[in-house]
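S.K.: Protein chains in written order, with this note's numbering: chain E, 1 to 380; chain P, 1 to 393.
Calculated directly from the structure, the hints in this document are not laboratory data.
There's no promise every hint is true.
Lysine-lysine pairs mimicking PhoX-like chemistry, simulated, CA-CA at most 20 Å apart [stated by the list, open to error]:
(1) K2/P with K218/E
(2) K39/E with K2/P
(3) K2/P with K192/E
Cβ-Cβ distance ranges computed for the label pairs, FRET-style [as the list claims (entries may be wrong)]:
(4) L23/E with S20/P: 55 to 61 Å
(5) D142/P with G219/E: 26 to 32 Å
(6) P187/E with M1/P: 19 to 25 Å
(7) G219/E with G10/P: 52 to 58 Å
(8) D98/P with N260/E: 27 to 33 Å
No residue lacks a Cβ here, since even glycine has one placed at the ideal position from N, Cα and C.
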Amino acid sequence: MREVYLDNCATTRTDPDIAAAALEAMITDYGNPSSLHRKGLEAQLLLERAREQIATVLSCQPEEVYFTRGGTEANNLAILGAYSAHRRRATHLVAGQGEHASVLGPLKHLGEQGAEVALTPLLAEGHPDPQEMSAAVGEGTLLISCALVNSEVGGLAPIGEFARTAKAKSGRVLIHCDAVQAFGKIPISVDKLGVDMLSLSGHKLHAPKGIGALYIRKGVRIHPLMHGGQQQRGLCPGTESVPLAVAFGAAIEKITCDINRNFENYQRLRKFFLKKIENFPGLCINLASETTPYICSTSLPGYKSETLVHFLAERGMYVSGGSACAKGKDSHVLTAMGLPRERIQSALRVSFCKDTTEQDIDLFFQTLAQAAACIARSRA
Amino acid sequence: MKEVILLKSGEIALKGLNRSSFEDKMISNCRRALGDLGKFSFTKAQSTTYVSWQGDIEVDKAVERLSRVFGIAALCKACVVPKDYSAIEEAAAAYLADELQAARTFKVLAKRADKKFPMNSPQICIELGGFLLERFPHLKVDVENPEVLVTVEVRDFAAYIHGRQLPGAGGIPVGSSGRGMLLLSGGIDSPVAGVMMAKRGLELSAAHFFSPPYTSERALHKVKQLSRKMTPYCGEIRLHVVPFTEISEAIRESCPQEYATIIMRRYMMQIAELLAHRTGCAALITGESVGQVASQTMASLQCTGARLTLPVMRPVIGMDKEEIIRIARRVDTFELSVQPYDDCCTVFTPKRPKINPELGAVERAEEKLDRETLIQSALDGTQLESVRSDTVF
């Protein structure tokens, strides 16, 4: 059975070359980057090289990049760390309703600790409403957090605009951007976006799981979540995972070389996908925007997402019902976008990677047609 | 809207007949600083240089890089409009919208270099000021201390509009004063000294004295990183790594301990001078500051510099540590400098160094050393590395 993996926003297959680079770092350059001896220095040089590779892509300084164990840790560090450092000055936090669980989670936690959290509604375009966002920001706002690309539907948020209007209202507000679903797919410059912190993850771009990074603009002060070591200026203490960092650096360098070609491929695949939808009775697309062609959120009203996901998986076809981190609950993103319940419960997210082909999509539609024919319609 | 960057030259503008060679140097340094950001062209007009480009570039990044090029007194982004008053009006409101929206007060400054333009400077100020007041009713005019200075320059080919001007790095272009040999230890002071002399137009070579196993490879790596941190200001640095273990050990073997540091520094200066002669440097540069440590008292400085023929430039000689640190932070070398690795100056530090050494006594103290051989062997083992902003270690 041919395996077709169309769930690349959940994770990607690790590139064999990248895995080889990580393996090399594990078995040859295995030193502790903090050790004084040469073996340590060699490991540190690899770590610095990886940091530079990421900094180059973001157009920032290498010392502004901190390795984390993934996107979730980066988001937590940004939000909890900023709150801890600045809570005497300001306690008001703003985010969109459709943010990822790793942003909403820490915000909820802080809400329970006494912070004021404002979650602004989403537009049908799948990102927070700029007017609502601007209205929510005041003198006492500490932080705005917003995903650059929404993980479920692919809405591209005008972060630059959010940052500009927010900073005009309160010069000290911090802008955090969760760029996990955008990094490596669309060009990102931290200066152009005007953000103070930006979260990244490696396993969405063919690096292994367990590595991410947080960009923190020089001069922005946040507190660590863990204590007990001077690594990474004490902000992310603990021995750095050199092999995973090397893999992350190599992965982003590789994918950035082809970023334009890949994007054109996504656009072509998206066009093909939309044409297929036209001929598929009942299937609808949840976000028509073309800005992030690699995420296609669809719904097949009358069928339950979970049943469809299982049916497809039995035939070697992998897609998701929503964000993998939501673990099968009703999508809060689609709910916030105001979609009807039957659309929400029948949602399927199809997401491409650089290796996705038209044949993959073709096969997806064939299998989905079988599903529609075989599965009993739910009485939703 | 077409955008350019304006570079205002400060001191260079006063250079008389040599001015254009200074400007050319500055432009070539700018080109190097902008490097991979895109394709740029430079046009000189009076005391301003216009930087333009094709296609989409990261303008703020370009401004940031240019703000570290010596020879530029001030710089700003500007938009280019045809020389037509109504176009100027609309462009000013649109181009500076964000700045004006956030400000409370403003002032219009007009410069009409092209006297054929139908309105004179005061007329432009009055008209444009009135227009902006209508467009941004929250603004007030403040001619003394405006938050935003809206500047309109009507020049030969176009009009330029800009708002806030950023301070440039000042000084004169690197390369317009020859080359100097910096003694680079890895501490806070020497990188600052190097950048300060680069500000006066010196290209830099550097000498680092490396004493394994007393100093680690990390210390050497740190020096390379420091050199790279300096390159946005200084351009390429030619770094000489001089093996110094043999000399340190010989001094420890056969010289009185209290003179060890002073003798070590005399050797460093001599080797640096020989390297300077070889590589066309006209001066030595050090980060010494009077009285900071025992080897930097007036008497010690006299001893370390006694046998030299080249001038020794000590730009931080009269500065307090705090003042030096302030510059180190601005240049962004501070955090690297304070990484805790043993450097060449702390190897074999005597417990009670001589604070007021006398030259005769120092010379007697180092008598037993075979100077020629030691120095020759250090020079033979010296490795040269070229450090640029994109050098990967």
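S.K.: Now tell me if each hint is right for this structure.
M.R.: Right, here's what the structure says about each hint:
Between the alpha carbons of K2/P and K218/E the distance comes to roughly 31 Å, so the proposed pair goes past 20 Å and is violated. Between K39/E and K2/P the alpha-carbon distance is near 52 Å, which puts this suggested pair outside the 20 Å criterion. Pair hint K2/P plus K192/E holds up; C-alpha atoms about 18 Å apart against a cutoff of 20 Å. The hint said 55 to 61 Å for the Cβ distance between L23/E and S20/P, and at roughly 58 Å that hint holds.
The given range of 26 to 32 Å is respected by D142/P and G219/E, whose C-beta atoms sit roughly 29 Å from each other. Distance hint check for P187/E and M1/P: the Cβ-Cβ separation is about 22 Å, which falls inside the suggested range of 19 to 25 Å. For the hinted restraint 52 to 58 Å between G219/E and G10/P, the CB-CB distance of approximately 27 Å leaves it violated. For the pair D98/P and N260/E, the supplied restraint of 27 to 33 Å holds, since their beta-carbon distance comes to about 30 Å.
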